[in-house]
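Protein chains: 2
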Amino acid sequence: MFYRSLLLPDLRMTLDANDVEGIRAFCETLHPAVVAEVIDELEPAELWKVLVTCAPDLQAEIFGFLELRRQIQVVEVADRKTLSKLIEQMAPDDRVDVLEMLDEEMVESLLPLIAQAERADIRKLLSYPDGSAGSIMTTEYASLPEEITVSEALDQLRIQAPDSETIYYIYILDERRRLDGMVSLRELIQAKRASKLADIMHRDVISVRVDDDEEFVARELARYDFLAIPVVDNQHRLVGIVTLDDALDVLEEEATEDAQMQAAIQPLDESYMSTPFLVLARKRGVWLVILLAAAFLTAWVMQDYEELQSNYVWMVWFIPLVLASGGNAGSQSATLIIREMATTDMDGRDKYFILMRELRMALVLGACLMTLSFGIAICMVALSEAIVVAVTVLLMVIFGTSAGATLPIIFKRLGMDPAMMSNPLIAALVDVLGVIIYFKTALAILGPVAKVID
Amino acid sequence: MFYRSLLLPDLRMTLDANDVEGIRAFCETLHPAVVAEVIDELEPAELWKVLVTCAPDLQAEIFGFLELRRQIQVVEVADRKTLSKLIEQMAPDDRVDVLEMLDEEMVESLLPLIAQAERADIRKLLSYPDGSAGSIMTTEYASLPEEITVSEALDQLRIQAPDSETIYYIYILDERRRLDGMVSLRELIQAKRASKLADIMHRDVISVRVDDDEEFVARELARYDFLAIPVVDNQHRLVGIVTLDDALDVLEEEATEDAQMQAAIQPLDESYMSTPFLVLARKRGVWLVILLAAAFLTAWVMQDYEELQSNYVWMVWFIPLVLASGGNAGSQSATLIIREMATTDMDGRDKYFILMRELRMALVLGACLMTLSFGIAICMVALSEAIVVAVTVLLMVIFGTSAGATLPIIFKRLGMDPAMMSNPLIAALVDVLGVIIYFKTALAILGPVAKVID
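Chains as they are written, first to last, in the numbering used here: chain A, 338 to 791; chain B, 338 to 791.
Be careful, since some hints might not be right.
Heads up, the list lumps identical chains together, so a pair's fine if it works in one copy or across two of them.
Said to hold, decoys possible - Below, computed lysine-lysine pairings styled on DSS-like, alpha-carbon distance capped at 30 Å:
hint : residue 1 : residue 2
1    : Lys461    : Lys777
2    : Lys386    : Lys418
3    : Lys461    : Lys418
4    : Lys620    : Lys533
5    : Lys461    : Lys529
6    : Lys688    : Lys529
7    : Lys749    : Lys620
8    : Lys533    : Lys777
9    : Lys461    : Lys422
10   : Lys422    : Lys688
11   : Lys533    : Lys461
12   : Lys749    : Lys688
13   : Lys422    : Lys529
14   : Lys749    : Lys386
15   : Lys418    : Lys529
In case anyone wonders, no lab produced these hints; they're calculated from the structure.
Please read these numbers as outputs of a predicted model, since none were measured by experiment.
Full structure from sequences and hints, please.
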């Protein structure tokens with residue numbers, strides 16, 4: 338943001354003057370991430386005009402820092418020939434992300450222009466399902482055989498370096514490309530130059546499977562503080578690596594998705610700013626309609642208690658209060674448990690511990706709120722009426738917390754994302770039963786309405 | 338979880354048999370993160386018994402993978418002498434995190450046992466305020482002068498490697514330790530052995546200030562896909578580095594904190610499982626009490642409309658519905674904007690764009706919900722009554738969305754965390770004004786109650 342406002346006017350002048358040298362100098366001087374941020378403000382055609390001034394590898398680097406939605410827009414105005422060279426230079430995982438978003442015709446017209454080896458790689462990566470390790474991994478890893486010496490390894494790495502996403506972890510493969518071990522460049526640098534890799538490598542390499550969930554892979558990387566984790570197929574052959582920066586993107590996306598689901602929004606595929614208006618409206622509207630339907634259920638249930646409402650008008654005043662008590666307690670519980678499930682593994686014992694703890698929590702918090710409610714309500718209504726409000730608050734906190742704690746766990750058990758059990762949805766369910774709890778409590782404490790009328 | 342259940346029984350047997358060799362073999366064979374996960378199940382004293390069987394550097398590594406709360410428990414049962422050696426071996430950023438949590442007496446009794454150089458480093462790092470770059474950085478970076486050759490540099494790195502958090506980024510300092518440039522180990526490996534570092538290094542190094550916010554630092558790292566970012570003081574002297582794995586932890590913590598704040602929970606310092614019951618009760622209870630107070634305000638406002646409530650009992654049925662419409666629309670809006678503010682920089686123009694967009698969104702979604710509400714309400718009540726419900730739903734969606742969109746932006750402007758504007762808090766504010774909107778709408782459409790009674 339800071340860079341953009343400072344550098345954009347300069348770039349615009351250079352562009353208007355058609356100063357190709359000036360544009361190239363601009364791209365070569367700044368960090369590619371900064372260039373991407375500045376040119377993000379331009380129209381796609383102008384943006385492409387900037388990119389074509391650079392060498393293909395720099396083009397690819399800058400292009401890689403653009404948001405996916407911008408990348409697609411640029412692809413649509415780019416000439417196929419230059420574009421195919423740019424795609425060749427992109428990181429395998431990034432270019433597959435772009436190609437996946439293009440229509441098939443476009444992809445089929447681009448592929449023949451791309452070098453044979455890269456093309457095969459693209460077809461392979463495109464075949465992995467979305468959300469799997471295969472879909473986020475890169476195929477550009479450094480690998481060596483175990484029988485060479487450290488000194489030979491360092492020479493080989495000089496050759497592999499330009500084409501590897503990282504050379505800091507080196508994977509040791511057998512003749513059938515099965516993952517036999519790994520050694521870090523740090524260890525290589527420290528080792529005696531004459532040692533064989535077989536003598537210094539780690540043999541029990543922690544790896545993930547190509548069909549593992551991307552979020553699981555990201556958490557494994559984070560757990561071990563790795564820079565990259567190897568991805569193997571079911572014959573334990575190395576097929577790719579996932580690097581820490583990609584893992585970070587996955588975890589950030591998951592956190593954003595969970596936050597959206599928690600607020601009853603269907604997860605957006607892109608950032609809020611990049612999501613088209615109508616897509617955004619649909620992803621919010623769907624849930625608002627579901628929640629509205631649930632609210633009508635509450636209205637419908639309330640009809641049954643018409644007599645109570647018209648005879649005890651004071652009860653009406655506290656309807657929002659008792660419902661909110663349950664909903665708020667439920668939101669707290671659900672949010673804590675959903676985030677805990679998202680960031681850690683949980684076994685049956687953990688779940689039991691959580692449910693017991695939430696029950697105790699509901700009793701403690703419910704008792705506090707009950708006392709407070711009684712203290713305030715007694716200033717507004719009669720003693721027996723204040724008791725109705727206070728007891729209902731206690732029951733609502735217990736009921737809300739129980740719903741908030743159990744529903745995400747049940748959702749997970751059913752194989753669904755627990756974050757789908759959004760806070761507004763919990764509140765809506767609490768509302769329906771909440772009005773019943775409220776009126777039944779009143780009937781229990783005050784006796785049937787008929788008596789009052791008599 | 339998987340490892341723990343498999344390996345724990347084995348370890349317990351070895352422990353019961355007092356088989357020191359067996360315990361040491363267990364620690365040396367597995368990845369330190371796995372060992373930490375398994376021994377996390379043991380009592381602190383037992384856990385310490387396992388650790389002392391290993392060499393100090395392995396002790397420190399395993400210890401570093403434990404959760405902070407466990408680390409503190411272990412420190413309390415550990416003998417000072419062994420503990421001081423373990424602390425010497427820990428990464429500077431990790432050990433400061435532990436020492437910060439201990440009481441001062443404990444720290445003062447430990448420090449004299451720690452080597453002079455490490456002690457000075459600890460005192461320095463302890464002086465940086467919580468949440469700053471200084472508080473998360475490590476002081477163990479690799480640095481070299483610019484006048485040496487690549488070949489000399491590689492030799493020097495062999496010596497520096499054991500004491501550096503990473504040797505993959507090498508920082509080039511002048512004689513006053515000012516940051517002049519950087520070179521990656523990848524570039525070093527590829528460069529001609531006789532080149533001088535001055536000729537191959539990058540000069541415009543992107544760095545952060547020691548007092549920058551940790552979240553800003555983490556985002557910078559993520560933005561540039563760096564493995565580490567240098568931290569400088571106000572004389573541009575290199576004082577530390579922040580590595581990508583630490584950045585990832587910061588971003589994960591921030592996401593968890595924001596999720597908690599969004600659900601009206603004061604952010605927990607530790608995980609849900611590690612937070613003591615009473616602390617958890619306090620952090621939830623505070624907000625529940627505030628929200629209860631807000632709900633009493635709603636009840637108090639409702640008293641003013643007693644006549645409407647007793648004459649139009651049907652109005653009561655739709656109270657939860659109209660309030661939920663506003664609250665849900667507001668939650669969606671607030672959540673999207675808070676997460677967008679957390680993950681990107683936003684300038685004035687972006688904010689204006691967002692507010693205009695949310696207003697349009699409110700009209701579109703409001704119109705949909707209004708139509709639907711009318712369609713369902715008409716089956717339950719008379720025409721004019723259904724119109725009251727439908728119009729109120731429209732107004733509530735507009736009002737809720739506006740509150741959800743503007744309040745976080747205002748909070749940010751006031752220098753507070755926008756995530757503090759939690760969804761339940763927005764719902765509570767929407768409730769208070771919502772009942773007024775509802776009853777005023779009814780009066781406007783149906784005319785004063787007096788007429789009906791007449």
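Which of the numbered hints are not met once you compare them with the structure shown? Going through the list in order, the structure violates hints 1, 4, 5, 6, 8, 10, 11, 14 and 15 and respects the others.
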